[in-house]
Amino acid sequence: MRILFVIQELRTGGAERVVVALARGARSAGHDVAVAAAPGPLADELGAPVFPLPLLRRRPWLVPLTALRVRQALAAWPAELVHCHNPGMAAATSLATIRGRRPPALVSIHGVRNEDYRVAARVLRLAGLPAVACGLGVEVALAEQRYDVVATIPNGIPPAPPPGDRAELDREWGLAPEQRLVVLVGRLVDQKNQGLAIAALAEIPGATLAVLGEGPLRASLEREALHAGIADRVVFAGVRHDAREIIGAADAVVIPSRFEGLPLVALEALAARTPIVATAVRGLRELLTDRETALLVPPGDARLLAAALRRVLEEDALAERLAEAGLRVAAEYTEERMVNGYLTLYNHLLAEGRDGR
Amino acid sequence: MLCASEAVAAGFRERGVEAVAVPLRHKLDLAGAARVWRHLEADVVHTHDRRTGLLVRPQGRARAAHVVHTLHGLPEEIALRVGRDDRPLPPGVSRARLTWLLQGYLRIESILGRLGTIVVPSEAMRRFLVQHGFAPRRIHVIPSGVSILPAKTRPAREPVVAAIAANLEYWKGIDVLLEACAHVRHPVRLEIFGDGSQRASLEWRAKELRIDAAFHGFVNDLRRRLNDVDMFVLPSRAENFPIAILEAMASGLPVVATRVGGVPELVADGETGLLVDPDDPRQLAAAIDRLAAHPEVRRALGERGLRKAAERFDPEQIAGRMVELYERLHASR
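Listed in order, the protein sequences are those of chains L and X.
Sequential numbering from 1 applies to the first sequence in our numbering.
Sequential numbering from 1 applies to the second sequence in our numbering.
Calculated from the structure, these hints are not laboratory results.
Note that the coordinates shown come from a computational prediction; the quantities given were computed from them, not determined experimentally.
Heads up, the beta-carbon is just placed ideally off N, CA and C, and yes, glycines get one too.
Any given hint might turn out to be false.
Derived, one-sided and incomplete: chain L residues facing chain X with beta-carbon distance under 10 Å [stated by the list, open to error]: (1) Ile98; (2) Arg122; (3) Arg125.
Using the sequences and the accompanying hints, generate a full structural model.
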């Protein structure tokens, strides 16, 4: 079957990586794939036809233009199934197929801001596409808006690589041998709230924070580290293709996000047996259990975050216990399971479409 | 109940239905629509006219309600084409208007229809909509209902009185009826209820043809007046699902009508009335003559029509079907 993926960007986010995994999985199952997205580095990795889309960036009046581009993509590459990602692309896809025969389509919801779920549910109802939640958190958030997803297919990750060479990292970042390493992975945007982790780190003199990822907030985050007087203990490492190895080599992973869908970094830390300290926000609190698989702290409180980080860095028994229980959780979130879940759903939707619904 | 005028709202309140008057002044009255939207926290939102279908239906769906829209009728210009797509352009209708209705209006309706369920009164309309790209599974046929009045015996008399209740417009084919009456051999008197742009020319034509016809204009007590006539005629060129025929049947009258739109679903030819082709005065005259000459045929057709109205178009039963649809939608969440 010919599958068109419609996603806003092809940069480095988690949703994008899910799409890449799905595209690969679909292709090895014998399907043809293409992508409609704003151009980005992941496009080349796919090796599939890419049709450019404009960037919405919370400007809904660009939806018709996006729809037009999707329509052109469908004209140039007639897909039998369209898989779009997040409510904005669902609106565009629905609009693009408003006339004539509509190919079967679905939308995956990877998480939106808490205050946006109401609008998201409305957009999804009007778009009329079956929706899939990327995790329990998203499913619950939509259910609170009286919107039922057709399925929840949790994000998954490939098996963990062996941990990276810590000594080498220490050398690269200039860490003293006894210095502890805390890793934070995510685009440098407001959602990921790296500033909170920087503020917390100011209270833990023996630790260094490695911030992996790139984004528009880099300069202001660097300033924050400077103002907190810990510029020497915060490393902005940019986008790293060995992020999983670094996670494996770290002493802790911190996830200070304001909201999440089902963050891949949490799954990666669980699979790498690296203890997690995270904010108890939507998406994380459904995945992680406080004091069993991670330490959860209330969002926005740097002192409590620092205290929790200190505990996992200092109490080896606790860290070991969290890692052990976390590994069992991670076993359920495999990429293989996610890809198979979606491929089954694709076939189901295609059969439904053939029956003329 | 959200409705356009305080008078209608009061009528509903008298019957114990919570009602608010929130008028929509035109099809783009967004301010009015915003006032309606405040009331939309419902499980089912049922819209009944084009304005609410356009302005209220999407918001209802967005706010998690199941939306049902009743298409009570099609614009006459395209109703004329229900089941007869090859019809020539009717007089006074531009090619542009017809194109807009078929390519624009119907397309917008079909897109809006994807938001929920559409109810139409007749199978003919359902077929027409499916032909024009509406999803068959979204369309439900639920006819209108009519309450039965105690039947009156109508003594044979001369002249026989035939009634018609219609807007006096081209679509209703009253000009054809006048021509037909000029051919009718049996003495027949025409009682014409309703008003419209063609009234003056029709009155003039009736005089010219020396037909015994009375133009009454709009009347409020049509049901009572139908007790004093012997047959009901509706010579329309286009119809959706004429309530006038339902009311005539419910009053025990035999019906002479044209084979257009949903009319054959109401009138069984030779059973509850006689069906003729539209725009054919001779056929119409023959049918009227047949009923005028045979009081016993009139009685038999009228009685069967009454029975059919009671069995198939009982308001309670029709309302029950609508409620059943609401419940099924609500359960399907």
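Results for each hint:
no., hint, in the structure
1, Ile98, "holds, 6 Å"
2, Arg122, "holds, 4 Å"
3, Arg125, "holds, 5 Å"
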